[in-house]
Amino acid sequence: MAEITLYHWEPNANSGKPMLALAEKGVAFESRYIDMLEFDQHKPEYLAINPQGTIPAMTHGDLVLTESTAIMEYVDDAFEGPALMPPDAQDRWRIRWWMKFMDQWLGPSFSMLGWSSFVGPMVADRPKEELEALIERIPLPERRRAWRKAMFGQFSGEELAESRRRVAQGIALIDAELGKREYVGSNSYSLADINIFNSTYGLPMSNPDLAGPDRTPNIWRWLKTVYRRPAVQQTWALGRGRLAERFKQIMGEL
Amino acid sequence: MILYHGQPNGPSFAVLAALEECGLDIECRPIDLLAGERHAIPGIRERVALDMAVEGEGPVLVRDGEAMTESVFLAQFFDEEAGGGRLQPKDPYARWQMMMWCRQVTERLAPAVALLGNLAHSRRRLAAMEEQAFAALTAKIASDDLRARWSALRNDEPDEAQVADSEGKIEQFADRIEDQLADGREWLMGSFSIADLETYGWMAPAANLKPAAAQGRPRLTQWLERVSARDGVRAALARASGNRREAFAPGPEINRWG
Chain X
1 MAEITLYHWE PNANSGKPML ALAEKGVAFE SRYIDMLEFD QHKPEYLAIN
51 PQGTIPAMTH GDLVLTESTA IMEYVDDAFE GPALMPPDAQ DRWRIRWWMK
101 FMDQWLGPSF SMLGWSSFVG PMVADRPKEE LEALIERIPL PERRRAWRKA
151 MFGQFSGEEL AESRRRVAQG IALIDAELGK REYVGSNSYS LADINIFNST
201 YGLPMSNPDL AGPDRTPNIW RWLKTVYRRP AVQQTWALGR GRLAERFKQI
251 MGEL
Chain D
1 MILYHGQPNG PSFAVLAALE ECGLDIECRP IDLLAGERHA IPGIRERVAL
51 DMAVEGEGPV LVRDGEAMTE SVFLAQFFDE EAGGGRLQPK DPYARWQMMM
101 WCRQVTERLA PAVALLGNLA HSRRRLAAME EQAFAALTAK IASDDLRARW
151 SALRNDEPDE AQVADSEGKI EQFADRIEDQ LADGREWLMG SFSIADLETY
201 GWMAPAANLK PAAAQGRPRL TQWLERVSAR DGVRAALARA SGNRREAFAP
251 GPEINRWG
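Protein chains in written order, with the numbering used here: chain X, 1 to 254; chain D, 1 to 258.
The following block holds chain D by itself, in its conformation from the complex (with noise of 0.2 Å):
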């Protein structure tokens, strides 16, 4: 098994954290996920889960052949292969709990920081690129609606109306956050789990982005430092190289229905 990930950032955060919570022993690579090397992974027998993956440039797990994507099913894969107990609720009610939890994160908030977040930060790189460079890159994406994502953030002016309705869709996570939090629990759904790794791998990021997102939000300012402190993510923020906060790549789409 080898696992390629980019900066300890949004899904590869969640990723690398659950897998050193796990305390498995698998090899990591990183790639650049803005240059493209996701779709150039060697070795890959079954890619449909890489190509088509909703969750757009995540890390990817390779074994035996096949790729394996979406952060929140690998932290699970993680989770079963090493026994089980680790980062899910045994009781069947908490488990849909957290499962509810992770949806509302990937569909709301990681297309609203992943948005933000490339127009803040790979917008540029994308620019500064030559066409045919950008062209050659794009060409290695098998995803007609994922190819298109990294070409609108490279080529068109940023839709207003979607900048917003991101901003208004962190703010409203954090009070979300905040509410969760407000019994004095110490992790999201209780005992800590994927939601706690899902949650801060956009959260921390959303809150660099727009600071007033954490500002006035002490449980949620404290929650974040407590996520930080544990001795497994720590251990994934180490793998950083540069500035993690600011690693973006083309993520998931916003919702075109419903």
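Excised from the complex, chain X in its bound form (with noise of 0.2 Å):
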């Protein structure tokens, strides 16, 4: 077995933090790609490795770790390579407070928008009783749940436009941070920069009314400084699909 396999879906949301952290401080890793369209994270060969069945998951050595930020936090702590943290402890708190407020209140909201678009359209035409049985082997109660909600389109008004609601107050909230400092939480480069960046990054194409040169100039001015990290080529490089080809079409706009 590698030193280090990270299992992972395209560099995206939660898949794409520990990749681009892993490239950051220059760890060379086992690539393991889940396909989360074909349900691979629900396999029992995953499960064997990751009992929830939430990607990504990594491990080093004997070591298994889960929950993408948390994995950042270690790959910073356990590796050399370029501090992904400040030393200064307010800068530090900030950073922690901003992936929170990603994780727990911007980041779901997102999540909800995507999936209601996007999940159910992909499984429309395979029967119902396969979606249950695909549902059926999810292990936590609430996965599946969310699974379900999407797969056959049970979202409701009400909860669609809160979603709505949070997306455009979060990011006039991030753009005003980086109207503040040079980075997401501080004047250096740091996990919060990559949380939030595998989040925004595709903003101008999938919201242009919310995000843009004019409406958010201080989120463009930070995308722009950020899809030019050679990290960050490298590790969208890796991607396969149509968040791959959003990233390439920005990457030449900017």
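Among the hints, a few may not be true.
Unchecked claim - Over the 10 Å line for every Cβ pair with chain D, so calculated as not near, a few chain X residues:
no., residue
1, I49
2, E67
3, G153
4, Q154
5, T225
What the hints assert, rightly or not - Each pair of labels, with its calculated beta carbon distance range:
no., chain 1, residue 1, chain 2, residue 2, range
6, D, A135, X, A172, 40 to 46 Å
7, D, S228, X, K128, 49 to 55 Å
8, X, P121, D, R185, 46 to 52 Å
As the list claims (entries may be wrong) - Derived, one-sided and incomplete: chain D residues facing chain X with beta-carbon distance under 7 Å:
no., residue
9, A49
10, V54
11, G65
12, M68
13, E70
14, F73
15, F77
16, E80
17, E81
18, W96
19, M99
20, M100
21, W187
22, W257
For the record, the hints were derived by calculation from the structure and aren't laboratory data.
Even for Gly, the Cβ is constructed at its ideal location relative to N, Cα and C.
Reassemble the complex: the two chains are provided individually, in unrelated frames, and hints are given to aid placement.
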């Protein structure tokens, strides 16, 4: 077994966080692509690694690590290479605060809207019994509920509207934050940038009404800087699908 | 630096105890969270962390005009300001375990205890307020979803499914603690850490709300006693005025998606 193995889907949202953190540190890893669209994350081979059936997961020797933000913090703590957390305690606090804001407040709204427009249509031509069988093998009850909602399009208008409200407000707050400091939460590139970039790199294309050079000039300036980092380009080159295409398209426009 | 805090319960407990454990000299000012006083703290230039805290009505540290929130991260801040190593393990994997544990507390246990605690102890006080006074209080709250939690607590019938789910989550977490202590360890992560403070902050009132949570779990009961016996924890608990275990204000929301 390789010293470090990362089980991940596309460089996007959660999977992209440890991919990019490892690339920034210059840590070599074996990549195992888990195809979320084929529900690889709920198959027995993967559940043997992470019984929760969530991606990403990372093994380091005998250790198994899960939860993307926590994996990134481990990667920064455990390996040599450029520091991805600044030394000042208040900066470190601020970076953690923004990562929680993304992981627990803004991210779930991005995810709900993404899933409602993406997962339902993706499985639309599969028979209902097959979908029920796929849901049945998901280990966590809350994830079962989430997939059921997405597959059968059971989102209420009210909850989608609430997610849209949060996305609009969250983007505005990040833009205001980037007006105060060069990077998210501090003046140096950190885990918070990796975290938030993974959920915002496609915004100028997916939400041009909310993000772009005129509407969110600070996000735009920051995106241009982060897109040009060698580790970012190297990581997105590993992507396969339409998300990687979106990256290339925006990269060309910046 | 000034720390504005509620009664030593939930997140205010964890932060006050972390401050005592780290031995930092920071001015502490008690505020009445259920009177909305957190939203009227003076002298704040950067307020996004106060307005948008996922934790809800937790303590606020003000440093150089910046409002700092979220109890786990404030505890880390105190530990790092004090030179590090008092409340966080040095080994990277042990730190990962501690952060994962704290996340389980803040995402699963805290919303459950906050829901039940607010219904049991805070609902009546808000319901007894004049309409106008309540409107004046909530008008100061910047976050739409936090304001909605205040209004729901005062005006809506309790959601039976959420109550049952929260009671189940407390039982599950009590089992998790009992299992974690099964190898005879003194503290949750082996060495004393933020995980003990954050967990105690929610589990102590949970055991008060639902005595069944601690019954038949001797290791959990003894761990609660060990934590309360620490000097830093006693100093934090001594800041209470009134029944601290019944002090609740709208907390983190119940997961709305996956």
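How the hints compare with the structure:
no., hint, verdict
1, I49, "holds, 16 Å"
2, E67, "violated, 6 Å"
3, G153, "holds, 15 Å"
4, Q154, "holds, 12 Å"
5, T225, "holds, 22 Å"
6, D:A135 - X:A172: 40 to 46 Å, "violated, 26 Å"
7, D:S228 - X:K128: 49 to 55 Å, "holds, 54 Å"
8, X:P121 - D:R185: 46 to 52 Å, "holds, 50 Å"
9, A49, "holds, 5 Å"
10, V54, "holds, 5 Å"
11, G65, "violated, 12 Å"
12, M68, "holds, 6 Å"
13, E70, "holds, 6 Å"
14, F73, "holds, 4 Å"
15, F77, "holds, 4 Å"
16, E80, "holds, 4 Å"
17, E81, "holds, 5 Å"
18, W96, "holds, 4 Å"
19, M99, "holds, 5 Å"
20, M100, "holds, 6 Å"
21, W187, "violated, 20 Å"
22, W257, "holds, 4 Å"
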